[in-house]
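Each chain, written out:
There are 2 protein chains.
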Amino acid sequence: MSDAEDVMIVLDESECWVLLRSHSLGRLAASAAGVIDIFPLNYYADGSTILMRTTPGTKLVEMTIHSDVAFEIDDFTDEEAVSVVVKGTAEWLDTRSAIEEADRAPLVSWLPTLKYVYVRITPTSVTGRRFVRGPEPERD
Amino acid sequence: MSDAEDVMIVLDESECWVLLRSHSLGRLAASAAGVIDIFPLNYYADGSTILMRTTPGTKLVEMTIHSDVAFEIDDFTDEEAVSVVVKGTAEWLDTRSAIEEADRAPLVSWLPTLKYVYVRITPTSVTGRRFVRGPEPERD
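So the protein sequences, as listed, match chains F and H.
Under full-length UniProt numbering, read the first sequence as residues 1 to 140, first letter to last.
Under full-length UniProt numbering, read the second sequence as residues 1 to 140, first letter to last.
To be clear, the hints were calculated from the coordinates, so they are not data collected in a lab.
Virtual Cβ for every residue (Gly too), placed ideally from N, Cα, C.
There may be inaccurate statements among the hints.
[What the hints assert, rightly or not] Pair ranges (Cβ atoms, derived):
id : chain 1 : residue 1 : chain 2 : residue 2 : range
1  : F       : 106       : H       : 79        : 17 to 27 Å
2  : H       : 47        : F       : 122       : 33 to 43 Å
3  : H       : 47        : F       : 97        : 48 to 58 Å
4  : H       : 105       : F       : 75        : 23 to 33 Å
5  : F       : 67        : H       : 124       : 15 to 25 Å
6  : H       : 105       : F       : 80        : 21 to 31 Å
[Said to hold, decoys possible] Here are the simulated DSS-like cross-link-like pairs (lysine-lysine), alpha carbons at most 27 Å apart as the crow flies:
id : chain 1 : residue 1 : chain 2 : residue 2
7  : H       : 59        : H       : 87
8  : F       : 59        : F       : 115
9  : F       : 59        : H       : 87
10 : H       : 59        : H       : 115
11 : F       : 87        : H       : 87
12 : F       : 59        : F       : 87
13 : H       : 115       : F       : 59
Generate coordinates for the entire structure from the input sequences, incorporating the hints supplied.
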């Protein structure tokens, strides 16, 4: 009978970035004035930062400006599951050059919209775990 | 050319619960002492609360005890995407009767483990959105 430690593998940071680059949907958690929220978002991982796009004036933008955020992606099959968590600081891109650079990124979006702003997360930590899914053990 | 409002549909609470009951993996966002984190978790929606199981002594348990949390599920196909966010208060189940009741819930788990504690979210709000995925419009 296996214990939890036997089936959870910690990923190194380069493995996390491979996963981040191969997905385009994640969830951003942000907190402001004691209010916590979570938002699904399309993103683009350029190798060192996470670029996201959102509608101007949203609560998301207000919550993330210059604040610590946590961003997560996951993926699973019948056999295994992976999860990557990026923690870092979010900033709103507000210079013309930064916006033009972001416009060139291959950022997909679920929601067609003409007006948007960019939010970029600069990570302070990138961690990941792989779970090998097994049968439920009998509890003592 | 469509605007964002044309393709985002707000779900009513009963639609959100149908989605919550038909999934088993979500992400919990919690914040403590200015530190925000996000965790993927299996859960069971019993119709009015969200039941989750985690390993004793984890940061997740510490962060969620009697605190406001946000929990999210999402799902998407090529045509559309849905997301449900539950906000509420998390509590650790610490009475024998509550644990026995939770043991009877059909809660699946990725990670086989012999020792666990239950966390239950009592919602203060349940909101959901459906996005019809469309082509990217030309930006002005």
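Could you tell me which of the hints above the structure violates, numbers in ascending order? 13
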